Amino acid sequence: MKHFSHSFPFVFLQVIVMACREFEMGRKKCERYFPLPGEEAMSFGPFRISCELEQARTDYFIRTLAVQYENETRRITQFHYMNWPDHDVPSSFDSILDMIGLMREYQDNDEVPICVHCR
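So the sequence shown is residues -19 to -1, 1 to 100, counted in mature numbering (1 follows the signal peptide of the UniProt record, and there is no 0).
Derived by calculation from the structure, the hints in this document are not laboratory data.
All clues stand as given, with none of them false.
Keeping only pairs whose Cα atoms sit at most 20 Å apart, straight-line, the calculated SDA-like set for lysine to any residue is:
| # | residue 1 | residue 2 |
| --- | --- | --- |
| 1 | K10 | Y62 |
| 2 | K10 | D67 |
| 3 | K9 | H61 |
| 4 | K10 | P71 |
| 5 | K9 | N64 |
| 6 | K10 | V(-3) |
| 7 | K9 | M63 |
| 8 | K10 | V97 |
| 9 | K9 | M23 |
| 10 | K9 | Y62 |
| 11 | K9 | W65 |
| 12 | K10 | H98 |
| 13 | K9 | H98 |
| 14 | K10 | N64 |
| 15 | K10 | F42 |
| 16 | K9 | P66 |
| 17 | K9 | C99 |
| 18 | K10 | C96 |
| 19 | K10 | W65 |
| 20 | K10 | I(-4) |
| 21 | K9 | R100 |
| 22 | K10 | H68 |
| 23 | K10 | D69 |
| 24 | K10 | M63 |
| 25 | K9 | V97 |
| 26 | K10 | C99 |
| 27 | K10 | V70 |
| 28 | K9 | D69 |
| 29 | K9 | V(-3) |
| 30 | K10 | D40 |
| 31 | K10 | Q59 |
| 32 | K9 | D67 |
| 33 | K9 | H68 |
Here are the in silico distance ranges between beta carbons for each label pair:
| # | residue 1 | residue 2 | range |
| --- | --- | --- | --- |
| 34 | M63 | F25 | 18 to 26 Å |
| 35 | Q88 | R8 | 29 to 37 Å |
| 36 | E5 | N52 | 33 to 41 Å |
| 37 | P66 | F(-8) | 29 to 37 Å |
| 38 | H68 | E92 | 28 to 36 Å |
| 39 | I30 | G82 | 24 to 32 Å |
| 40 | S73 | K10 | 20 to 28 Å |
A quick note: this is a predicted structure, and the numbers were derived from the prediction, not measured.
We put the beta carbon where it would ideally sit given N, CA and C, even for glycine.
Could you build all of it, start to finish, from the sequences and the hints given here?
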């Protein structure tokens, strides 16, 4: 456990928010670091990532990602918001507010960081 904690800087990370699509307007915007359900696990150095579950919601997906390092596996919940327009703001915030409410349910407490990325 100590070795995993030393090697994995976000040891307490429980939630990741991906606020972009992989491709937007025909251009690649973000590298996909997770497999989709049914796809083979992806490896990045000593880490192996698999998707255990995917739930479709209005404007976003919720995924349970299993991150394996050596003999230890940790689960991270990814919220993938799909409808944030490139260089603009969403026309409605209802689904964003819904997503924020669910994100709070997946966090143990407010001290645990949330990783938000858009690229």
